[in-house]
Amino acid sequence: MEPSAGGRCSVFSFRSCKRSPAMPNWSRRLFLLSSVSSTLLVAAAKRLGLVRGSAAEAPSTSAPEVQTAEIVLTVNGADHRLSVDLRTTLLDVLRDHLGLTGAKKGCDLGQCGACTVLAGGRPINSCLTFAVMQQGKTITTIEGLGEGLGEGLGEGGELHPVQEAFIRHDALQCGYCTPGQILSAVAFLNHEQEPTDDSIREWMSGTLCRCGAYPNIVEAVKDAARRVDGHAAVPL
Amino acid sequence: MQPFRYSRPGDSREACAAGAQPGAAFIAGGTDLLPLLKEGARVATGLIDINGLPFADIRHEAAGAWIGALSRMSDAAADNRLRQDYPAIVEALLASASPQVRNLATIGGNLLQRTRCLYFRDTAVPCNKRRPGSGCPAWDGQNRGNAILGGSRSCIATHASDLAVALAALDARVVLQGRHRRRQIPLTEFHRLPGDTPDIETVLEPGELIIAVFVPATACSRHSTYLKLRDRASFEWALTSAAAAVELDGNRIRRAGIAVGGVATKPWRLPQVEAALAGARSEPATFRAAAELAGQEAEPRQRNAFKIELMKRAIIGALTKAGNLP
Amino acid sequence: MKNFIGQPVDRVDGPAKVRGKACYTADVHPPGLAYGVIVAAAIAKGHVVRLDTVAAEAVPGVISVIHHGNAPQLAYAPMEPRSMVDPKVGEALRIFQDDAVLFSGQPIALAVAEEPEQAAQAAALVRVTYAAEAANSDFARASQTARPPRQSAQPWSRPAELRRGDADAAFAAAPRRVDASYEQPAEFHCAIEPHGTIARWDHDHLTLWDKTQWVDHDRTAIAHVFGIPDDYVRVICPFVGGAFGSALRAWPHVAAAAMASLLVNRPVQLVPTRRQLFSAIGYRPQTVQRLRLGAGEDGRLTAVIHEVVAQTSVYEEYTEASIEPSAMLYAAPTLRADYRLAPMNVNTPCPMRAPGIVTGNLAVELAMDELAETCGLDPLKLRLRNYAESDAQKRLPWSSKSLRQCYAVGAERFGWSQRPATASGRRHGRWLIGYGMASALYPAHRAPASAHAELRADGTVAVTSAAGDMGPGTYTAMTQVAADALALPIAAVHFELGDSLLPSAPAHGGSMTMASVGSAVHAACQELRTKAQELDQRVRLPGDDRLAMQRAYAQLLARHRLDRLTAETEAKPGEEAERYSICAFGAVFAEVRIDPDLAELRVARLLGVYAAGRIINPKTARSQCIGGMVGGLGMALTEQGLWDDRLGRLMNASLADYLMPVNADLQSVEALFVPENDRHLGPLGVKGLAEIAVVGVAPAIVNAIYNATGRRIRSLPVTPDKILGLS
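Chains as they are written, first to last, in the numbering used here: chain A, 973 to 1208; chain B, 17 to 342; chain C, 30 to 756.
I should point out that these hints are in silico values taken from the structure, not numbers from a laboratory. Honestly, I wouldn't trust all of these hints.
Covered by chain A, per the in silico footprint, the following chain C stretches (three or more residues, Cβ under 8 Å) [unchecked claim]:
1. 38 to 45
2. 55 to 67
3. 656 to 669
4. 676 to 687
For every residue, glycine included, the Cβ atom is placed at its ideal position computed from N, Cα and C.
Could you build the full structure based on these sequences and the hints that come with them?
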């Protein structure tokens, strides 16, 4: 496969590109280092064959104290023992430590709902709570919903009725808010037997969708409500 | 976010002692505190997680309801007795934030939430509430959301709680536990006006905790409602809101409790409006005349003058609904 | 056998998305990943005098704090010619190259640490001393001295003025006139996925996992920044969590991530905070538009005068096509349209869904509603009376135009005849009811694109192109096209996109992916089918049975001892754009309900009827159009950037303060398509849908608000205070 096909509007000829005279040959020197003030920059420069630069400065203040904690989190039915910086949110633990990237970071301030997970069956913004505070709670992420634990595009086990309904009603576009939407809907249907359009709209308003799939989301939730029948059991 | 120590005390004595330490902050739901810590609008060196304390119950007595400070907004909103006997509270809760936030956020924390003033939340700009003495750019700036009541030259930040407005109208009291004593004070006296010290928002002493809210059961509380007006249909703070609680005697109003939100620096009770309603017939002309009195003390800024009229209409709207309640 | 094209096929990436398995940029976690957090400027204009990083560097886990004082000078080789997505005049912001501050929120340093918490802490501890200067940050003032854009010889430059006859004289002589100014605030894309980059160097080769609508451009742009050949850079982006134009350019933070990765010799992830995103990328520029319409007593337009002032930054001239709708929408014999720029100390705006067109269309359609009233005509009748049978500006016939059918279908479905004839003429309980409508148009574009198709031993096909899918359903639509071209089942087609190593594709923007990439996929698959047939002319391929076809391909390959068979094709647009004016059209109808006491407003119904050529997938197309209407509702009612003019700073830079619609803001929303068979559009006959879907929505709603209340609101968004006439 050609890595760089012609005929595009942004054709760039390397040879014709004007380069800084300090960089006669990019293959030896990627940069002109104007000034260097940390060991790392020096190290990087050395790696690139550039050794020019001033000596590194040593940090002159003492390091602030960082607090870590050993925690146990129950996620998707399994206990995870972790050592985390106390400042780590539940969302960041799920994503960065447990690899459960189905929980999405949209705003990190509780304003979009993309990070919604279930704690004891209730939807919460996982960005709004420290992981250390969620010990003892039963956390369910999108990866733990239904039996859909398969890997890769379109593969995996059985889908939860809400997941199926989201596909059937095309209640997603970019898909980024979708895990949060689905978990929010699952929790809703766990306690709402006969949802109305308005009750769905109000409940689902905690999860923003910039693609504007809202009307389809309402249809999907209504449809799923007819099919859930206890299928939706989420650990409380 | 700067690093902090974390503790989870098992009783309130321990919690109050820890909370009195410099740099300490209580955390319960964390829904307001985490964003502030993340954006640097607040720094805490010690977080005292009070979720282990026994203040999460909602108890009903003949005299009124005790809502534990640690009960979640969603729990209170789902409480049947609260819905029957104090509908304004449940309506205010359900109009607040989102289901996800309400599942984390607590009743006590809701009363302590910090303002949504755009300048308070952005650490790159001055704010007397965040950095005392730095100035108030909201005064002549983007102040559409700011207060028309209770402000000072130092601060015109709006108190953002819906719940507090409903509680104010219902004569609620806040139960506080300190290191040395337990006390109750009316909700309307819990928050302070900004004056020259907008950074001090409540009468809480160092280490003092809200442990409960008491709402007296009255004929008024049963006939109460909360009306919230906002720029979008949900998941949004009030542009203007009103809580109305009305005790009717036939078609006359015996007593009314009126409070407004989104317009004032603290949950704002309107005694002059209540006085005008007391003894009057429950009808639109009465509502309008009484609501007119709400605007008397208003001091709008460039972009929020509309709130005077919107507030009056919110009061009328709430009264109309409360006045028609069975 | 039924074609998949035209069928409501379920999204092929749906299962991955509902499982949380679709891999977006920040989901990538290469070993050794370090985290970068930006320090953003707090002033709008001036210089950084001192940047004290001592406290920041002392934070445990901090690897480096990078800023102009220690950053390497990068090549920043100019791209020649400039890409279609970059402004033609001015220079893009160069990250950490000098001490100048051009706008508030400009990235001025980057803290890199082992853990994100440490990087954030360090960034907060960087102490910056500025020498601030008076900034130009008041749009009202800046627009007083607005000037024409500088002309550029670069391709894709836009005219700053359009002229047809003597519009001023015609307007002066017109018996019916509208002269009004319309204000539209800056609007922000606010895709829920934040922009972000993960950069990893392997010796002198750079891999970027980046949120982008155009992997090829991202690659080329970053290669220029570092002065290295294009093919030393690889950009990967299989899923985009919404973008709407914000991910067309290679923003400064992309280069910052690459620079940081090089300096710390590790992969680095850089995701600006939500607050920072409002200035890290672009936005729809604030505009004020004066529109004058002159007409005869019968409503026939005699003159259109359209003056647009739009904000841009002080370092780049971002311009839009805002004056085009006034030239194309209606058959006016005279036209004068002028585009002016107000440079300010802000970050450069950028395309946002239907850039420019939605802006110009807004003014024209609001003014047409006013003209209808002036002439005592039904707004729809007025539009029909001025129906443009050809493109008068380009002096070309339309390739096809089914707007009349859109009007007719829409009016019938919506019940337009029930429109209250006078403003505030209908009540339902406490609600005033109003109907409004607007026309919509968006020029269709197509660009060269390539695709590769590979038949495999099992009879399945892998099709690839460096295209993007930010949500419209590129994966699904391309799968349908390929499946039809090869007569295969959907499940036998695997489409892959979002990697600059794949055959080149144009920007995933401007509604051109389907026409451009779709044509390439179609051509590559057709060629592949021909090649397969040519393996053995005696075999009759069972083209009417997809499963049999898959078996037949497998047998052919097996018989010829081939493990694969490939074809790669570039599809280019023909001369159609020179012979025809090609546009998608639409008609949008809105019903609003307004409580005049409480200023509560609900958009009870939105109906969009579109003519956009062939619809490949009516299911995803409907979703896309509904989504566009939701965006248009935000434009009409809730969205606005609020700058503090004294601080030069955007104050509502959060998703709690910049209000996009929530679920509860929508009630009935429906999208319909008028069948259109346009043979001038290339093999697929499509015009594209992404942009047209947002055009016309805001004016339809605002016109409905007038019909409900009798209040002309000429400044967006229409908030409760404006409904009450209080602001």
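Here's how the hints hold up against the structure:
1. 38 to 45: holds (count 7)
2. 55 to 67: holds (count 3)
3. 656 to 669: Satisfied; 5 residues make the cut.
4. 676 to 687: holds (count 3)
Comparing the model with each numbered hint stated earlier shows that all of them hold.
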